[in-house]
Amino acid sequence: MSCEIWRENIERSLDADLPVAEMRLLSAHLAACPACRREQEALRGLIAGLQELPAETPPESDLWPAIEARCSKPRRVPLWATLLAAAAAAALLLVLRPAPGPRPPSSRSLPATTPGVGVATLPLDSGYGDIAGIAALDAARLDLEAAFAERRQTLSPRTTLVVEQNLALLAQSIMTIQEAIAADPGNHRLQGMLVQVKRREVAVLADVTQRSVARGREEMRPREPAGL
Amino acid sequence: MREASSQIELVSRARGGDVEAFEALYRAHVGRIHAVCLRMTGNRATAEDLVQEAFVRAWRKLSSLRTESTFSSWLLRLTVNLVVSHLRSRLPRELEDAFDERAEPGGRFPNPAARVDLEEALRSLPAGARLVVVLHDLEGYRHEEIARLMGTAVGTSKAQLHRARRLLRGRLVV
Chain A
-12 MSCEIWRENI ERSLDADLPV AEMRLLSAHL AACPACRREQ EALRGLIAGL QELPAETPPE
48 SDLWPAIEAR CSKPRRVPLW ATLLAAAAAA ALLLVLRPAP GPRPPSSRSL PATTPGVGVA
108 TLPLDSGYGD IAGIAALDAA RLDLEAAFAE RRQTLSPRTT LVVEQNLALL AQSIMTIQEA
168 IAADPGNHRL QGMLVQVKRR EVAVLADVTQ RSVARGREEM RPREPAGL
Chain B
9 MREASSQIEL VSRARGGDVE AFEALYRAHV GRIHAVCLRM TGNRATAEDL VQEAFVRAWR
69 KLSSLRTEST FSSWLLRLTV NLVVSHLRSR LPRELEDAFD ERAEPGGRFP NPAARVDLEE
129 ALRSLPAGAR LVVVLHDLEG YRHEEIARLM GTAVGTSKAQ LHRARRLLRG RLVV
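Read top to bottom, the protein sequences are chains A and B.
According to my numbering, the first sequence is numbered sequentially starting from -12.
According to my numbering, the second sequence is numbered sequentially starting from 9.
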């Protein structure tokens, strides 16, 4: 008889989710089956390994200043602060501008990384405060984040660092603007800013994905033999 | 004992609006909270955003904490709820679908011979499976609690856990 039918019960027994009667049957089977005992040990080892992972992993940067800034009494976020955050995010994107040389293909020609919303279907000209536009941008960001995660090994550590720093600042800007919108829901200018910064976030991810694709193509291209 | 009474004092002061006391609580708990956020989301930037949000919410809701001594577990629960809510809004289908095959073409990982560490293997799991295995095996949540948090059936939580462990083993075994 195949041991497959016992595997589920082995797992349930380790989770204390197996009735006593079935537990007895399992114990009898384990006494006679070395393969299932190994299975039990492997599973027990995995669960023990998970439980022994460090309980604490501090963040790479100190998050307190950003938290402290939001820990005062509830107050309206001044518009100038929001403008400053958006401007700072925009300025930082300059760091990612391509260096002179052959340009990678435009973002519109980049294939979507996963089925569904991709860069090619981005609402690049969506209106201010367009909720559908924001949802599409969020969906595109999700796809591109997955593509970035897949391809980060192909990028230089410096590029990865710059991208992550930019994304962190953009995320910070988005949170600041969202707070301002929560305090002033009818402010269309703030909603427009939110769309703008989210578009920049997608643009950063699209840019870095293009770079990794272009780099991959470059490496795949056959090289001319030496001496020709 | 002294540490516990010190924390109770810090919580009490923070409830009164003392930001310095709250910073001390942040310093004491940020490693734990960040570990949970990072393992549940698998993404460093998202995890840091959620850590910030969790502490800001904790600050704003401190007055609803009835007993100072339960601050640690209260903060952890608040964080888990926040992360699950975030993931549900971002990845509703993945969290509820017990059999998303994207991460396991042919039922196995693309490179089963790769030896990677457990943290990396956890990060590579599909969102729903990762969430359940972290809550169940690392944080000690029961399937009933996980199902309630995720808005799914208990059976879905069990299926996700089984799947997560199978994928982890496939990822770790040479």
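Since the hints were derived computationally from the structure, they do not count as laboratory data.
Glycine included, C-beta positions come from ideal geometry on N, C-alpha and C.
Don't take each hint at face value.
Straight line, CA to CA, 20 angstroms or less: simulated SDA-like cross-link-like pairs of lysine to any residue [claimed, not checked]:
| # | chain 1 | residue 1 | chain 2 | residue 2 |
| --- | --- | --- | --- | --- |
| 1 | B | Lys69 | B | Ile16 |
| 2 | B | Lys69 | A | Ala53 |
| 3 | B | Lys69 | A | Trp51 |
Here are the computed distance ranges between Cβ atoms for each label pair [claimed, not checked]:
| # | chain 1 | residue 1 | chain 2 | residue 2 | range |
| --- | --- | --- | --- | --- | --- |
| 4 | A | Glu(-5) | B | Ile16 | 42 to 52 angstroms |
| 5 | A | Pro41 | B | Arg98 | 21 to 31 angstroms |
| 6 | A | Arg145 | B | Gly163 | 46 to 56 angstroms |
Do the hints match the structure? See the list:
no., hint, verdict
1, B:Lys69 to B:Ile16, "16 angstroms, holds"
2, B:Lys69 to A:Ala53, "18 angstroms, holds"
3, B:Lys69 to A:Trp51, "18 angstroms, holds"
4, A:Glu(-5) to B:Ile16: 42 to 52 angstroms, "45 angstroms, holds"
5, A:Pro41 to B:Arg98: 21 to 31 angstroms, "26 angstroms, holds"
6, A:Arg145 to B:Gly163: 46 to 56 angstroms, "47 angstroms, holds"
Consistency with the previously given hints is maintained throughout, with no hint failing.
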